[in-house]
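Dock chains B, C and D against chain A, hints included.
Protein chains: 4
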Amino acid sequence: MVGDEFELETVEEGMDILLYLDNRRKYLVKVKKDEVFHTHKGFIRLNTIIGKPYGAKIKSSMGVDFYVLKPTLKDYLLKLARKTQIIYPKDMGLILLHSNIKPGSRVVEGGTGSGALAGMLAAYVKPDGKVYSYETREEFIKIAEKNLKRMGVLDFVLLKKADLTQGIEEKDVDVVVLDMPTPWLVVSHAYKALKNTGIFASFSPTIEQVIKTVETMKNVGFTDLETVECWVRKYQVEAGRTRPETLTIAHTGYLTFGRKILV
Amino acid sequence: MVGDEFELETVEEGMDILLYLDNRRKYLVKVKKDEVFHTHKGFIRLNTIIGKPYGAKIKSSMGVDFYVLKPTLKDYLLKLARKTQIIYPKDMGLILLHSNIKPGSRVVEGGTGSGALAGMLAAYVKPDGKVYSYETREEFIKIAEKNLKRMGVLDFVLLKKADLTQGIEEKDVDVVVLDMPTPWLVVSHAYKALKNTGIFASFSPTIEQVIKTVETMKNVGFTDLETVECWVRKYQVEAGRTRPETLTIAHTGYLTFGRKILV
Amino acid sequence: MVGDEFELETVEEGMDILLYLDNRRKYLVKVKKDEVFHTHKGFIRLNTIIGKPYGAKIKSSMGVDFYVLKPTLKDYLLKLARKTQIIYPKDMGLILLHSNIKPGSRVVEGGTGSGALAGMLAAYVKPDGKVYSYETREEFIKIAEKNLKRMGVLDFVLLKKADLTQGIEEKDVDVVVLDMPTPWLVVSHAYKALKNTGIFASFSPTIEQVIKTVETMKNVGFTDLETVECWVRKYQVEAGRTRPETLTIAHTGYLTFGRKILV
Amino acid sequence: MVGDEFELETVEEGMDILLYLDNRRKYLVKVKKDEVFHTHKGFIRLNTIIGKPYGAKIKSSMGVDFYVLKPTLKDYLLKLARKTQIIYPKDMGLILLHSNIKPGSRVVEGGTGSGALAGMLAAYVKPDGKVYSYETREEFIKIAEKNLKRMGVLDFVLLKKADLTQGIEEKDVDVVVLDMPTPWLVVSHAYKALKNTGIFASFSPTIEQVIKTVETMKNVGFTDLETVECWVRKYQVEAGRTRPETLTIAHTGYLTFGRKILV
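Protein sequence lines correspond, in order, to chains A, B, C and D. FYI, the numbering for the first sequence is 52 to 314, going by the working numbering. FYI, the numbering for the second sequence is 52 to 314, going by the working numbering. FYI, the numbering for the third sequence is 52 to 314, going by the working numbering. FYI, the numbering for the fourth sequence is 52 to 314, going by the working numbering.
Worth flagging that the hints you see were computed from the coordinates, not collected in a lab. Fair warning: this is a prediction, and the values are worked out from it, not measured in the lab. Incorrect hints may have been included.
Chain copies aren't distinguished; within one or between two, either way the pair holds.
BS3-like, lysine-lysine: derived pairs with alpha carbons at most 25 Å apart [claimed, not checked]:
| hint | residue 1 | residue 2 |
| --- | --- | --- |
| 1 | K181 | K125 |
| 2 | K200 | K77 |
| 3 | K285 | K269 |
| 4 | K269 | K110 |
| 5 | K153 | K130 |
| 6 | K200 | K81 |
| 7 | K103 | K222 |
| 8 | K193 | K263 |
| 9 | K125 | K193 |
| 10 | K153 | K197 |
| 11 | K125 | K153 |
| 12 | K222 | K212 |
| 13 | K77 | K153 |
| 14 | K153 | K200 |
| 15 | K153 | K181 |
| 16 | K243 | K200 |
| 17 | K193 | K81 |
| 18 | K211 | K130 |
| 19 | K243 | K197 |
| 20 | K153 | K285 |
| 21 | K211 | K200 |
| 22 | K125 | K243 |
| 23 | K83 | K181 |
If we strip away everything but chain A, and leave its shape as in the complex, we get (with noise of 0.2 Å):
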């Protein structure tokens, strides 16, 4: 139909790409040369996809047709997370709007895991904000180091080996966002460091959590608190089979914020 009208950006080696065989099934790919991808539906030699737009259909071994699409933020998020730990994008959305993280926001953020919530931050706080991640093991921190590489977003952000329960170096920074087993222990070191308009965020996938982190804020100084749960549901849409997909996840995490008060 249409889309030759101006310059078409088109897939160069070493690059990543998405190929896209259905809703479920989607694969992050890094294009190199002489290498070939392998699928339940054929393979694909990647190097024929060099120099193809994104967007163009290519066809697998057994002759099914996938999509070569860019790479957004989201295919990371959802691709480079270990399972265990993924903040997913409809947290990831709340995270951002509740906590006021925009670009130039300097961002304390735990436990760094494989470096991909830190890396969404990254992406947002762009061009002159910061992402400080920590993270007390050392084999994740080469993990992050190399996903963050992957999604372009290093230099926004410093992977530091380090406990946020002993203490937050950083001071004057906007928000705290933490995503790690204990983070009450962290609400009062969070006090300290932020600004005096800044806003702690944790994310916890038990209630108990929730409610030794939020009564300790109470405690340290903390006001607008607030606790959320949040679902996606999908849709099958098409005329006349309109429906809610049948399964869901219905449960990630509670999300918890509350802005700095003086006390």
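Frame of chain A, contents of chains B, C and D only:
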């Protein structure tokens, strides 16, 4: 406790503050000299706030405590929108993440309405991106201009008196985001305006709008089609009395996304 | 159209009717001779309803149409309950199904409150079952007696002025259903009162109540423990304008169930 | 602990039991002499269960503990239904409450399918009510007959080989409940068959089915129209680790209800 180790940001005349009483009563107030802000819990002379640090507690004439907070993007989103067309933070977060909107993005948006959605998008595409906001009704363009100025993002939005169903003038844009009654009439225009890596996003309250839009998207040339809805539920967190709040907003709208493919 | 091929059931003096204006305005009214029912849409002389068939349309003094419907159990459940302690149809349905309550069941229930829960249970254990309803507050026993009489199920309920936390007098019962502040104090009494195939069910608004109750159930001798919560969302269905309603009840309470095992 | 103060109900040959391993693994088993039940946790000789009281713990050949529970209606509902057409307890509960189905009700139901819905309804209209269950496919009538016999409610169901879209033979019924692909084709037949206090109920997976059915109901003569959907979310309750389960069923179907009016 703390907060005095580094310079505190203080309220200056002409700035906005969020006067916080409790989770249900928060007021967005412009601090004008010699003005008085009236609440059902007594009045507050705004002069007494000038020079105060954000986070400070002040007393109303009736002796009730309020906190002086710095407004976040979310506060503007909730306070500036016309009630009938508000995009909630939960939906705004999903739009950002699913549309890959980030610093530097060029986004076509419409209808402008109160400008709240345009303002949020502008805050995230800063400093190098741009929002092209379409609106046919002159009176809303004026309201939006005022609101965008107040949010400090007017430089990043181009307000246009034009009808998206008649075409899109921009080329090579990253995203088209719609919050309008007939999004299906914009799908083919969006296709032409989008980069070959671009994303189409639409917010609609009714399922019939969704079905028409998705069927059109399939015909025009989009893949990775996703329609979702999102709920957020707040909690009352208090040791021994923790429970979700009784009432919630059960529906705002359906969100539909798709990525352009070359056809 | 039809409805006249067989005998119509008509309203007699002393009966209850549900006067239906729209989905939000339905009134449970006892039809007394010479009385007048006032609404904001005009008044209705109840004499004019006597002898009318259910399903008939009548006009108020302001010319507004009302329908004369026959009250269902759900109507009584929603209209007779004190607001603070209502068991909603969604929860009532789960209690029936998860507790295996059916015609013939013998059920211990408490606290009685307005009697709405006892009345519903009675309507389902009829004609051979029985509900033993515990309440410590004399004034509620009187209210409940009146309500149960109105629902026509008083014969199937034994109202008892007694405290469930002090013990259960019945033996060999099929189910114990609790809607009271300290269900964990009743767990071991329930265990003793239940048949070896019996089920314990509890409704609680807070998560701390749930945790205490479930931990006690594990210790005392129950298995197949399930705690669930349930939401219902209403739709506005109208071709071209179909959508969920905006507001909903997001929380009533958690439901906990377990089956007695021999220990 | 207790349970021995009154006579225990014991398992007899030919009865059904629910072999309970954990919340995800429960098996509905008919206890036949000399048969062996195999699980991935070892086998169980059914002879060893005969004479045991319900609630007893038994060990498999691999030494794993199972509990011998008495099947509830819910167990039959979940185990006997064909997967594709199951009515979940949450929906079943709403159907009972919103349709005012109770002991003594006369209910027309279709399509019969596996008979699970008919069986549940029968269990609640007992002992004086009746379910008239319509099915066009001979093979399902046979399956249903077997299942209804197993549930012990065959006497309360009349299985009919007939097509509801062609008409309803019964007159003066309390409720018509549909779980079939084209409910809108049955609306006017249902109107004729229902008492003047009667209720129409329909379960449909897609929103298009709902829209067609509701529009037809408005035209034919029903009021108090309600379309709802219902979710249930399970919790993992354990002091210090309490949280909702990760996955849930996000959609089974929409439920539509209306009451007959005289037109």
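Checking an output row: K153 and K285, CA cutoff 25 Å. Within, between, both or neither?
Classified as between: cross-chain Cα gap 24 Å, same-chain 27 Å, threshold 25 Å.
Since the copies are identical, ignore which copy is meant and state whether K269 and K110 lie within 25 Å (CA to CA) inside a copy, between copies, both or neither.
between (58 Å within a copy, 20 Å between copies)
Within, between, both or neither, where K125 and K243 count as close if Cα-Cα is 25 Å or less:
between (32 Å within a copy, 24 Å between copies)
For K222 vs K212, is the C-alpha pair at or below 25 Å within one copy, between two copies, both, or neither?
within (18 Å within a copy, 45 Å between copies)
Quick one: K243 to K200, C-alpha cut-off 25 Å, is that within a copy, between copies, both, or neither?
Intra 31 Å, inter 33 Å, cutoff 25 Å: neither.
Within, between, both or neither, where K153 and K200 count as close if Cα-Cα is 25 Å or less
Result: close both inside a copy and across copies, 21 Å intra and 18 Å inter.
Intra- versus inter-copy proximity for K197 and K153 (alpha-carbon distance at most 25 Å)
both (24 Å within a copy, 21 Å between copies)
Alpha-carbon proximity between K153 and K181, which holds within one copy, between copies, both or neither at 25 Å
Classified as both; 11 Å inside a copy, 15 Å across copies.
Using 25 Å as the alpha carbon limit, work out where K200 and K81 are close: within a copy, between copies, both or neither.
Answer is within: at 13 Å inside a copy they meet the 25 Å cutoff, but 43 Å across does not.
What label fits K83 with K181 when the C-alpha limit is 25 Å: within, between, both, or neither?
neither (31 Å within a copy, 34 Å between copies)
25 Å Cα cut-off: does K125 pair with K193 within a copy, between copies, both or neither?
Classified as within: same-chain Cα gap 21 Å, cross-chain 35 Å, threshold 25 Å.
Is the C-alpha distance from K193 to K263 at most 25 Å within one copy, between copies, in both cases, or in neither?
Neither: 31 Å inside a copy, 43 Å across copies.
Figure legend: structure checked against the earlier numbered hints; hints not met, in rising order: 8, 16, 19 and 23.
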